[in-house]
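For the protein sequence lines, the chains are A and B, in the order given. The numbering of the first sequence is the numbering used here, which starts it at 1 and goes up by one. The numbering of the second sequence is the numbering used here, which starts it at 1 and goes up by one.
Since the hints were derived computationally from the structure, they do not count as laboratory data. Warning: the hint list may mix true and false statements.
Stated by the list, open to error - So the derived list for chain B, only partly shown, Cβ under 7 angstroms to chain A, looks like this:
#1 CYS80
#2 CYS95
#3 THR120
#4 SER127
#5 LYS130
#6 VAL137
Said to hold, decoys possible - List time: in silico DSS-like cross-link candidates among lysine-lysine, alpha-carbon distance up to 27 angstroms:
#7 B/LYS130 to B/LYS141
#8 B/LYS165 to B/LYS141
#9 A/LYS158 to B/LYS122
#10 A/LYS158 to A/LYS51
#11 A/LYS246 to A/LYS208
#12 A/LYS357 to A/LYS333
#13 B/LYS89 to B/LYS130
#14 B/LYS141 to A/LYS246
#15 A/LYS357 to A/LYS312
#16 B/LYS164 to A/LYS51
#17 B/LYS7 to B/LYS89
#18 A/LYS246 to A/LYS200
#19 B/LYS130 to B/LYS165
#20 B/LYS7 to A/LYS333
#21 B/LYS7 to A/LYS200
#22 B/LYS164 to B/LYS141
#23 B/LYS130 to A/LYS158
#24 A/LYS6 to A/LYS333
#25 A/LYS208 to B/LYS7
#26 B/LYS122 to B/LYS141
Ideal placement from N, C-alpha and C gives every residue a C-beta, glycine not left out.
One-letter residues, chain by chain:
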Amino acid sequence: MAMGLKETVSNAYSPWMDDDAPETDVVISSRARLARSLAAFPFPQRLSPEKAEQVVHAVALAIREPAFSSRFDPELVRLAELAPVERWMLVEKHLISPGFVTAQHIGDQQKGLVLSADEQLSIMVNEEDHLRIQALFPGLQPAAAVRLADEADTILEKTLDFAFSERIGYVTACPTNVGTGLRVSVMLHLPALVLLERVKEILTTVTKLGLTVRGLFGEGTESAGHLFQLSNQVTLGPSEADIVSKLETITRQVIDQERTARNQLRTQMPAVVRDRISRAFGILRHAYVLGSDEVMRLLSDVRLGVGMGFLKGIRPRLLTELMVQTRATYLVKTSGRQLSPPERGVFRAALVRQAFKDIVIDD
Amino acid sequence: MLCERCKQRPASVHYTEVVNNRTTHMHLCEVCAWEAQKAFGMGTPLNLHSFLVGLMSPVIGAQESGKDAGTDRGLSCTTCGLAEEAFVKQGLLGCADCYRHFGERLEPLLRRIHGSTRHTGKVPQRSRQKYRLVQEVERLKAELSAAVEREEFERAAELRDEIKKLEQGLT
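Using the sequences provided together with the hints, build the complete structure.
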């Protein structure tokens, strides 16, 4: 394994966590994903190990073409080359899907990951489809993400023969992805809408407009970190440009709603909000045991405080990184051994104390 | 996509419910779908059973004579061997050719999922010429039926010949 990937699986930071990007007070990241199939092979669910190996091989050749390699400086790794904890690190960093790690239909030797040097582009090989080309950007940049994935796709199609139907477009294993094969999503932090109990209503409206909403790190809309993912429902019919502009337009309205809600909190209950934010900061700064849901909730409160200007000197980027660092996977990875849940709580708190050590908030 | 409820089996039932203007989307596996049907079925005037079966077995469900095992009941893809039943169970197709083999019988499903059955987005370089040809044939066919409607039979004959010519180029 080359140095780049070693670094990727040990370091919690990834460029999509950066905060010098558009609308990072509400939008954490934007992602585009293209599903592509190779015309000559059955879909991964029905691939023999030999054919699955040929798929990995074909992709390996395609990324070595100068047009691709000079643009993306890619590295190909097979999941079999990674320790289980390293695979889950890639999941926590949103570079691969959890289903890719757990899928039984294909051996770990035939599950490939192509990663660009800057971690902005990743390609899962032999997931549900032969290729899942993914671009991941910080803040609200869905169009940039789509452009990058599209660029990679255009270079790859010179070498790889993607299955395409003149009527229904790119064909995929699941009929929910045919057409463009494009799924664009944004990760939003909506704590004020949750606090004011308006989030359900807004997200229901968003669903009616044709987007899918998912709460992250939790059940349904009760998302522990107040994080929500919006994505397009439909991949067949509208063009790529239509899909991304619709998502962006609706997302901007949700951003406005969240900002309005934050202003409302500021004017109508300043003491309650400040108290909540400062308590969250206090606990994170001083606690010796922290649970995984607890830390997500507190980091969300602190992020709200940063967004509202109550807490200065904390970069949103640090908070995103801590979301990954406080997951069990990262704790196991850094401690180098299995940890019992109580031990994790202690490790987690130590890590957060360390990160917040030099941060002072002034009143 | 995994079933939202059990998070273990693949979701094969994509279910949208609109109640009082509130839309709920569910992506469930067969087992959870049956349970959901039981839960929702009570006191709901809508016949959810036939609704869900229609969603679950889009291909088989498209057949009128669903009960008396028609002749193409056991249709399989001749390229990869995927049987209809297997698709209905898993919700995943076997290969790119499945879309051709099951062809128009998949269209109701695509319409339900996407509200459309025609791609309008990116076309790979190597498919562009054929794509344009197919588009042109479809356009001419629409024009042809319009001409027939207006009883412009001379024009219709011209169009028919043109379509024939283009379709020969396609095969």
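_Of all the hints numbered above, which does this structure not satisfy? Sort the numbers upward._
6, 13, 14 and 16
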